[in-house]
Amino acid sequence: MSERLYNPCLMSDDELLATFVGRDALLSDLLRHIAEQPDGAGVQHVMLVGARGMGKTTLLRVLDVRVRTDELGPTWQPVRFPEESYGIGDVADFWLACLSNLAACTQDADLAQAPSHLRSRYCETGLLAQAALTELKDWRRRHGKRLLLLVDNLDMILEQIGSELDDARFRRELMTGGDLMVVGGGTSYLDEARSHDRPLYGFFRLIRLERLRHEDVLGLLRKHAERDGANEALLSLDRAPGRVRALEQFTAGNPRLVLMLYRVLARSDTLDVSRGLEELLDQATPYYKAKTESLPPQPRRILDHIARVAAATQEGVQPGAIAEATRLSPAAVSSQLKRLADLGHVRAAQIRGRRAWYTLSEPLYAVWHQMRGGIEARERVHWLVDFLRTWFDDSELTTRIEQHMARQRSCLESGDVAGAREAFEHCRFLSRAIQNREVRPDAGFRMGLDSERDREQALTDLDSVVAECRAAYDPDRDPQLARALLLKGLTLGELGKREEAVALYDEVIGRYGDRTEPELMTWVALARLSKCVTLGELGRWREAVASVCAAMDGGAIVADAISVGTTVLASAARSGLHAEVRAAIKEHGLEDRLLPLARALDYLATGDDTNVAKLSPEVRGTTRTVIAELSAARQG
Amino acid sequence: MIRNVVGAVVRGDDLFGRERTIELLWEKLDAGSVLLAAPRRFGKTSVMLRLFDAPRPGWAVAFLDVEDITTPTDLVTELAVTIARHPQMTARLAQLRAWPARLVGSLRRNVDEVAVFDAKLKLREAVERSWQDRGEELMNALGSCRDRSLIILDEFPVMLDRMARSEDGARDAAVLLRWLRRLRQTGPLVLRFLIGGSIGISHTLQRLGEPTALNDLERLTIEPFSPATADQFLEVLGASAGMDLSAGLRQRMLQMAGTPVPYFIQILFSEVRSACLASGAEPDEVLIEDAYRQRVLGNQCKSYFDSYYLRLGQYYTAEEEAAAKRILRRLAGSGSASRDDCRAAYAAALGDEASDEGFEALMARLEDDFYVRWNEQDGTYEFVCKILRDWWLRYHGLENGGLRR
Numbered sequence: 014m015s016e017r018l019y020n021p022c023l024m025s026d027d028e029l030l031a032t033f034v035g036r037d038a039l040l041s042d043l044l045r046h047i048a049e050q051p052d053g054a055g056v057q058h059v060m061l062v063g064a065r066g067m068g069k070t071t072l073l074r075v076l077d078v079r080v081r082t083d084e085l086g087p088t089w090q091p092v093r094f095p096e097e098s099y100g101i102g103d104v105a106d107f108w109l110a111c112l113s114n115l116a117a118c119t120q121d122a123d124l125a126q127a128p129s130h131l132r133s134r135y136c137e138t139g140l141l142a143q144a145a146l147t148e149l150k151d152w153r154r155r156h157g158k159r160l161l162l163l164v165d166n167l168d169m170i171l172e173q174i175g176s177e178l179d180d181a182r183f184r185r186e187l188m189t190g191g192d193l194m195v196v197g198g199g200t201s202y203l204d205e206a207r208s209h210d211r212p213l214y215g216f217f218r219l220i221r222l223e224r225l226r227h228e229d230v231l232g233l234l235r236k237h238a239e240r241d242g243a244n245e246a247l248l249s250l251d252r253a254p255g256r257v258r259a260l261e262q263f264t265a266g267n268p269r270l271v272l273m274l275y276r277v278l279a280r281s282d283t284l285d286v287s288r289g290l291e292e293l294l295d296q297a298t299p300y301y302k303a304k305t306e307s308l309p310p311q312p313r314r315i316l317d318h319i320a321r322v323a324a325a326t327q328e329g330v331q332p333g334a335i336a337e338a339t340r341l342s343p344a345a346v347s348s349q350l351k352r353l354a355d356l357g358h359v360r361a362a363q364i365r366g367r368r369a370w371y372t373l374s375e376p377l378y379a380v381w382h383q384m385r386g387g388i389e390a391r392e393r394v395h396w397l398v399d400f401l402r403t404w405f406d407d408s409e410l411t412t413r414i415e416q417h418m419a420r421q422r423s424c425l426e427s428g429d430v431a432g433a434r435e436a437f438e439h440c441r442f443l444s445r446a447i448q449n450r451e452v453r454p455d456a457g458f459r460m461g462l463d464s465e466r467d468r469e470q471a472l473t474d475l476d477s478v479v480a481e482c483r484a485a486y487d488p489d490r491d492p493q494l495a496r497a498l499l500l501k502g503l504t505l506g507e508l509g510k511r512e513e514a515v516a517l518y519d520e521v522i523g524r525y526g527d528r529t530e531p532e533l534m535t536w537v538a539l540a541r542l543s544k545c546v547t548l549g550e551l552g553r554w555r556e557a558v559a560s561v562c563a564a565m566d567g568g569a570i571v572a573d574a575i576s577v578g579t580t581v582l583a584s585a586a587r588s589g590l591h592a593e594v595r596a597a598i599k600e601h602g603l604e605d606r607l608l609p610l611a612r613a614l615d616y617l618a619t620g621d622d623t624n625v626a627k628l629s630p631e632v633r634g635t636t637r638t639v640i641a642e643l644s645a646a647r648q649g
Numbered sequence: 067m068i069r070n071v072v073g074a075v076v077r078g079d080d081l082f083g084r085e086r087t088i089e090l091l092w093e094k095l096d097a098g099s100v101l102l103a104a105p106r107r108f109g110k111t112s113v114m115l116r117l118f119d120a121p122r123p124g125w126a127v128a129f130l131d132v133e134d135i136t137t138p139t140d141l142v143t144e145l146a147v148t149i150a151r152h153p154q155m156t157a158r159l160a161q162l163r164a165w166p167a168r169l170v171g172s173l174r175r176n177v178d179e180v181a182v183f184d185a186k187l188k189l190r191e192a193v194e195r196s197w198q199d200r201g202e203e204l205m206n207a208l209g210s211c212r213d214r215s216l217i218i219l220d221e222f223p224v225m226l227d228r229m230a231r232s233e234d235g236a237r238d239a240a241v242l243l244r245w246l247r248r249l250r251q252t253g254p255l256v257l258r259f260l261i262g263g264s265i266g267i268s269h270t271l272q273r274l275g276e277p278t279a280l281n282d283l284e285r286l287t288i289e290p291f292s293p294a295t296a297d298q299f300l301e302v303l304g305a306s307a308g309m310d311l312s313a314g315l316r317q318r319m320l321q322m323a324g325t326p327v328p329y330f331i332q333i334l335f336s337e338v339r340s341a342c343l344a345s346g347a348e349p350d351e352v353l354i355e356d357a358y359r360q361r362v363l364g365n366q367c368k369s370y371f372d373s374y375y376l377r378l379g380q381y382y383t384a385e386e387e388a389a390a391k392r393i394l395r396r397l398a399g400s401g402s403a404s405r406d407d408c409r410a411a412y413a414a415a416l417g418d419e420a421s422d423e424g425f426e427a428l429m430a431r432l433e434d435d436f437y438v439r440w441n442e443q444d445g446t447y448e449f450v451c452k453i454l455r456d457w458w459l460r461y462h463g464l465e466n467g468g469l470r471r
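If you're matching them up, the sequences are chains E and W in order. Quick note, the first sequence lines up with residues 14 to 649 if you use the working numbering. Quick note, the second sequence lines up with residues 67 to 471 if you use the working numbering.
One or more hints might be untrue.
Mimicking DSSO-like on lysine-lysine, the simulated pairs with C-alpha atoms at most 30 Å apart in a straight line are [unchecked claim]:
hint, chain 1, residue 1, chain 2, residue 2
1, E, K150, E, K236
2, E, K351, W, K188
3, E, K302, E, K351
4, E, K150, W, K186
5, E, K627, E, K599
6, W, K186, E, K158
7, E, K150, W, K188
These are computed hints drawn from the structure, not numbers from a lab.
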């Protein structure tokens, strides 16, 4: 069976009905509503309103299937509009689209010719609209069925039409025609409906799609787990009900996000949870980009500010603070917050007894925003730790840490340095998620903790280890010393003591850079990469460029080096060091590894697109993205 | 059993509590033509359609929504088509000597929608040559019978307003108004017009330079329900939806809605029902209060009342807008205010530009546009309905007044 999170229209009828959960009462209500409509004028049309991913398209599709196949079939003909109808620019286009869609739904080849025939005969919009509507009415008369128009994104269509006269024409038919009924979907209340003087205002019965309740989320997950034969996932749902609440919390009960998160967690080896979650955020990008970019600039600024603050504090923001930060008037902020709340982007949170705090409706949105916002890497870890804390209990976390540590040892023994580093990183995340401090494993991982006090304690413990190793030199303890120095550097960096951190990284590199033991090579490689990142944070770009190239020259942890290196070098380029970065890439022979960045820098220097055009489509796409980012930074 | 039809036209048994209004309308139409005024969603079209659906003996009623009509030619053409396809009126068109008989016949007899459309297009060409003459012939044909003819023109002021936006259109609109007035005054005695409008028509007539064009029409407004009718309405809605609404709960809902405008009652009922369906709970005071505060004031009515706020900027002068907002904010906060208090708020907004005449004109306009009403008993102004007041207080209760720059 397939699953189409963004395209429910691609699912078969059976798949659709088998996985439809959480809106049964609403569906029944709608079917009853359709059955009760008078035959003639006075039809009550409906608008389903909800944020993206709330299930409007799915509900319209299910309605289509149920009306076709159940007792309403003899009297109603569903006419399904595609999710996007960008070609509708006036009311004539709308009725013509209706004809085309009706022809498609009924597989009527003659009717399919009608739109082009009418277009050739009538030029004026009003006449063309009337002519198309006449054809629809004629179809109704001949077939004895009324038309149920299932119009996704109706708000967008009406915005595209954008004409008061066309709205009046549309309204007249909807009000007095009696031959059809509209069930539309939209993410917002019709702007049309907001104006007292506009024809369609208040015309539709508005039904808001609410977030799924706990039992609906559970039902949704069960159905999918059963369908997928994922017995482990089913058992997990029974054993750990808190996980359903975790999904609810992060997704705010948005069905699409619940399913996306479920898929990642269900199929991922728990060792890969963090990577899976990053993939999820990548998949969610089109959803959140559309959600954000659909807003006008002012509410988008406010949303951006709330997302940043919420990500950092996990609490929420007061309108006064938003006004100050965005330099908008309190009245404007207040008005926009209400609109954002109506649209489901934010909600008022009661914190410490006060209501005037706003936070994002979907915590996952805050996480996505963090990831996209170029926040320092260590800050991104917060969200992952939060999720791990919610998803696993302390004993599960400890078990997983032990598994990762065993995997790290195994990787080191086999020379898999990349694997060892990955396991090491997993241990860091999982360790931070443990809430009971007594349970946390040894001081080697007691770093990067959330509170400054914990970090200071970790430094004290690490200093003890370093002092011990230095006091009585034992080459067998070199790996332990290297690790302690590295961990101390990372902890100092998290405390903002970056200069001291760089000094420690240099000590690790200087002491052990020539060593060939796998574990030492791991710590040296990590020290090099950490140094690159920290130098970048200090704004010492030229040194950072040199350092990352040296790290890549080292040959170890290639994939990570490329990833980190690209990030650091791109940041350097954004700071204006285009020429230095390009020269460094060439000098260290890294052009193949950093091809998109190299080509982008070449293009920006010469304006010659030839070498970019020759690239494979995937690399070309990446290159153009880098060009756009660097250009924007240059102009900013 | 009735359906809770929110916002759309209500027909048949679903039209509740308007018997007296309809009775009054027939009485007034007996004597002459009528202008029926109410904001959108007050039930004006439903009332007019009831006259169309259930005409009194001796009456033939035609209904036409003219909102999307842009020229007098189109108006006369649509009237002709409507009358031609009206079972009671169609026979009268046999007398139209100057009209293309074949086309008229085609309109009268044809059930094929496409054929009717083609005939209408051709008829329009014939009407365009002289719409006034053709229109007069049409109305005279209606007047040739013993039965009285009622022509209902819904959203007539909107049609005029749209026509008035262009120079040619404004000229046409003025001619049309004069022509209709002449028809009413010198045309067949058995002919009546019911003109329905949801925007302030006085303002449009002023713009067209025809302030007296409709002063021969008796003006009626759609009133809110009486408290008893409102209570019965809720009871029937609840029973139809299978919801147990006790007398106490109904009273609570009506207290929240304030002035018993059916549309607001329906919205509140709809949101309470949605809340019950969503939670699986029976209605109680807490749920009702929550539905009112979070849903009605938060969602449904916000879009409705946004327009009340926005139109102050669209249709009032900057000075009027500033003063109106200050007065309305005052009323929102205090619930009601004496004429003197409103005058003081007006003066605070306009300073030296304030005048008694200006104040009186502004208050009259706010009443005319359904923002406020005068409470004769208390001698105060108040919002026309509580929901509007609550909304205003919530969303605009803290704004500063002052002139728009």
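Hints, one by one, checked against the model:
1. E:K150 <-> E:K236: violated (42 Å)
2. E:K351 <-> W:K188: Judged against 30 Å, a Cα distance of about 52 Å means the pair is violated.
3. E:K302 <-> E:K351: holds (21 Å)
4. E:K150 <-> W:K186: Roughly 16 Å separates the two Cα atoms, so the pair holds.
5. E:K627 <-> E:K599: holds (19 Å)
6. W:K186 <-> E:K158: holds (25 Å)
7. E:K150 <-> W:K188: Cα-Cα ~20 Å, so holds.
Checked against the numbered hints above, the structure violates hints 1, 2; every other hint is satisfied.
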